[in-house]
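S.K.: Go by the hints and put chain B onto chain A.
Chains A and B supply the protein sequences, listed in that same order. Position one of the first sequence corresponds to residue 1 (this note's numbering), numbered consecutively onward. Position one of the second sequence corresponds to residue 1 (this note's numbering), numbered consecutively onward.
Just so you know, these hints were derived from the structure itself, not from any lab. Computed from a prediction, not measured in an experiment: that's the story for all the values here. Using N, Cα and C, we set each Cβ at its ideal position, and we do this for glycine too. Take the hints with a grain of salt, since some may be wrong.
[To be verified] Below, a list of computed lysine-lysine pairs in the DSS-like style, where the Cα atoms sit at most 25 Å apart:
#1 B:K213 with A:K104
#2 A:K98 with A:K122
#3 A:K34 with A:K190
#4 B:K219 with B:K315
#5 B:K140 with B:K196
#6 B:K196 with A:K104
#7 A:K115 with B:K213
#8 A:K98 with B:K219
#9 B:K140 with A:K104
#10 A:K81 with B:K315
#11 A:K120 with B:K213
#12 A:K115 with B:K219
#13 A:K104 with B:K315
#14 A:K81 with B:K140
#15 A:K122 with B:K219
#16 A:K81 with A:K13
#17 A:K98 with B:K140
#18 A:K134 with A:K104
#19 A:K120 with B:K219
#20 A:K98 with B:K196
[To be verified] Not the full set, but computed from the structure, chain A residues with beta-carbon under 8 Å of chain B:
#21 E86
#22 M94
#23 G113
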Amino acid sequence: MTNYENKIVYDVKGLNLWYGNDQALKDINIKINKNEVTAIIGPSGCGKSTFIKTLNRMIENIPGVRTTGEIMYHGINIFDKTMRVEELRTRVGMVFQKPNPFPKSIYENVLYGPKIHGVKDKQMLQEILETSLKSAALWDEVKDRLHDNAYGLSGGQQQRLCIARALAVQPDVILMDEPTSALDPIATAKIEELIDSLKSDYSISIVTHSMQQAGRISDKTAFFLMGELVEFGNTEMIFSNPRDKRTEDYITGRFG
Amino acid sequence: MSSDEKVYELDYNKMNNQKSQTNNEKNERKSVHIDQKRIDRRILINQISGKVFFSSTLFALLVLSILLYRIFSQSIGWLDLHFLTSKLSIFPEKAGIYGVIIGSLGLMAVVIPVTLVLGVSTAIYLEEYAGKSRVQNLIKVNISNLASVPSVIFGLLGLALFGRFFKLGSSILAGGLTLSLLVLPIVVVSSQEALKAVPGFLREASYAMGASKWTTIRKVVLPVAIPGILTGAILSISRAIGETAPLVVLGIPALLLKVPTNLMDDFTALPIQIYYWTLDTVLTPEYANLAAATIVVLLITLFLMNSIAIIIRNKSQKGF
Chain A
1 MTNYENKIVY DVKGLNLWYG NDQALKDINI KINKNEVTAI IGPSGCGKST FIKTLNRMIE
61 NIPGVRTTGE IMYHGINIFD KTMRVEELRT RVGMVFQKPN PFPKSIYENV LYGPKIHGVK
121 DKQMLQEILE TSLKSAALWD EVKDRLHDNA YGLSGGQQQR LCIARALAVQ PDVILMDEPT
181 SALDPIATAK IEELIDSLKS DYSISIVTHS MQQAGRISDK TAFFLMGELV EFGNTEMIFS
241 NPRDKRTEDY ITGRFG
Chain B
1 MSSDEKVYEL DYNKMNNQKS QTNNEKNERK SVHIDQKRID RRILINQISG KVFFSSTLFA
61 LLVLSILLYR IFSQSIGWLD LHFLTSKLSI FPEKAGIYGV IIGSLGLMAV VIPVTLVLGV
121 STAIYLEEYA GKSRVQNLIK VNISNLASVP SVIFGLLGLA LFGRFFKLGS SILAGGLTLS
181 LLVLPIVVVS SQEALKAVPG FLREASYAMG ASKWTTIRKV VLPVAIPGIL TGAILSISRA
241 IGETAPLVVL GIPALLLKVP TNLMDDFTAL PIQIYYWTLD TVLTPEYANL AAATIVVLLI
301 TLFLMNSIAI IIRNKSQKGF
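Next up, chain A with everything else stripped away, as it sits in the complex (with noise of 0.2 Å):
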């Protein structure tokens, strides 16, 4: 029923929200791609955040939040009835700003999704583990501590346990928000060639403070301000050719 060979993964058409009265996004119209990092710049405040965290329901959990408009995700609306917000939140993972592992062993926290989905088989969860880790470039740093407590991992390992963690259900996309602003510069720098390498699998949307990293990483580029969407195309495109003189002046480091 739901193809998930889809070219595109998420069709946005028209979402409004509203943190109480005040509205947080204005009417959004965005399209991501299969197999593409699309990352979210902004100044701070500029709803992009909130954007990412609509995408797969998450801001739910903030009382008082109020949205319109359509989030086609392989051609079902997710704010649909019948959407089932556990299974949507299943094909879309997401890893959050601040590294937040369970205080739990490593082992438990990479398969806590696959155990409360159901996955008993104790050798199909331990490939599970292993691969997981193997795609977040972390199994040969714990490999031999699986069973000690994850925060005893330096920060930027936190975050690709989290990252692991969220490979674990294996989902279609993963969302990012701010993944690496907590983090120095060579655990960045570690978690963007990660991100790289994920690519060819998942989709990816990254939130991100840094131009360079918008940069570097992405291949399309969307650029928020005071909760519109202001431009979004090619990561190329938008770095060197702007269409909307607000673009510019945001990534020349006029404002912002």
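M.R.: Just chain B, lined up with the frame of chain A:
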């Protein structure tokens, strides 16, 4: 012309700087002088306040040590194996508190599961499921208020509801349920605090994996919150074990020779027995010694329970 202007400007700046420097120096000297006096005063006040707080602590310790001394000295010679393993009797030399201890254990057997199940479930509902509407807030405030209702009133409620309406009389079950009602609000509030203390980003992480609310609570929230919940629960249960008033209202017999064998039997508990023995010391002075010995047993029980709570709390602090 323009170069002249510059020179002038520079000189002017220099002068300004020098002026402000000398000003600063004067100010500094002055302020150093004032500070010296103030610091002396502050140190003095600090020393005095330290002593005031110490004497307050000393007062509490003094009262406690007098109490403990009186109790322990009165219980010497009475608190022995015979006292712990014999049944009650009107003759002080024969009397033992075996049946009383069984009664208190029976109460615990009712209070612990009832308060844990009802208290923690209520806290989970209020903290995780209930919204932030006005009605919900009213419920939350009222539960906090219930925690400060005097225990004798809960005794009356227990008498009317469990004793009379459900015809449980003055059985262990009736007493246990009454004490559960008494400490439930405290368990609910302390469990709510423990749940609140679980960081939101852990819940977010679980939701983002497609976990339902209950899965998140069971797998992520509760494991982190359980030490806090248990600490609160143990402290409230130890309060229940030491309560007298609600049980007096419920009509516990003054002298119960039978040892209770099941939850429907009549019973007597440690604090009640202390109360009745103390009442009768005018007629039989040795009852005071029996009461003292019982107090020692009760104090040791409470001390052990509170120690367990502290150990759990310390362990949980190391873990996370």
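S.K.: For each hint, tell me whether it holds in the structure or not.
M.R.: Each hint, compared with the structure:
Restraint check: the Cα-Cα separation between K213 of chain B and K104 of chain A comes to about 19 Å, which is no more than 25 Å; the hinted pair holds. Taking the CA atoms of K98 of chain A and K122 of chain A, the gap is near 31 Å; set against the 25 Å cutoff, the hint is violated. Between K34 of chain A and K190 of chain A the alpha-carbon distance is near 23 Å, which keeps this suggested pair within the 25 Å criterion. Annotation: proposed proximity of K219 of chain B to K315 of chain B holds, straight-line Cα distance about 20 Å (limit 25 Å).
Of the supplied pair hints, the one linking K140 of chain B and K196 of chain B holds, its CA atoms being roughly 14 Å apart against a limit of 25 Å. Restraint check: the Cα-Cα separation between K196 of chain B and K104 of chain A comes to about 19 Å, which is no more than 25 Å; the hinted pair holds. The hinted pair formed by K115 of chain A and K213 of chain B meets the criterion: a straight-line CA distance of about 15 Å does not exceed 25 Å. The suggested pairing of K98 of chain A with K219 of chain B holds, with an alpha-carbon distance near 21 Å, which does not exceed 25 Å.
This hinted pair does not check out: K140 of chain B and K104 of chain A have alpha carbons roughly 32 Å apart, beyond 25 Å. Using a Cα cut-off of 25 Å, the hinted pair K81 of chain A and K315 of chain B is violated, with the two alpha carbons roughly 45 Å apart. Distance hint between K120 of chain A and K213 of chain B is fulfilled; the C-alpha atoms sit about 21 Å from each other, no more than 25 Å. Simply put, K115 of chain A and K219 of chain B have alpha-carbon atoms about 10 Å apart, close enough for the 25 Å limit, and the pair holds.
For the given pair, K104 of chain A sits about 15 Å from K315 of chain B by alpha-carbon distance, which is consistent with the 25 Å threshold. In summary, the hint linking K81 of chain A to K140 of chain B is not supported, as the alpha carbons are separated by about 32 Å, beyond the 25 Å threshold. Only pairs whose Cα atoms come within 25 Å are accepted, and K122 of chain A paired with K219 of chain B is accepted, the gap being roughly 19 Å. Annotation: proposed proximity of K81 of chain A to K13 of chain A holds, straight-line Cα distance about 18 Å (limit 25 Å).
Of the pairs offered as hints, the one joining K98 of chain A and K140 of chain B is violated, with about 32 Å between alpha carbons and a cut-off of 25 Å exceeded. With a CA separation close to 20 Å, the supplied pair K134 of chain A and K104 of chain A stays within the 25 Å bound. Restraint check for K120 of chain A and K219 of chain B: satisfied, since their Cα atoms lie roughly 16 Å apart, inside the 25 Å limit. Between K98 of chain A and K196 of chain B the CA atoms are separated by roughly 20 Å; this keeps the pair inside 25 Å, and the hint holds.
With a cut of 8 Å, the hint placing E86 of chain A at the interface with chain B holds, because the nearest CB-to-CB distance is about 5 Å. The interface hint given for M94 of chain A is met, as the beta carbon of that residue sits about 4 Å from the closest beta carbon of chain B, less than 8 Å. Look at G113 of chain A: its Cβ gets to within about 4 Å of chain B, closer than 8 Å, so that hint holds up.
Hints 2, 9, 10, 14 and 17 from the earlier list are contradicted by this structure; the remaining hints agree with it.
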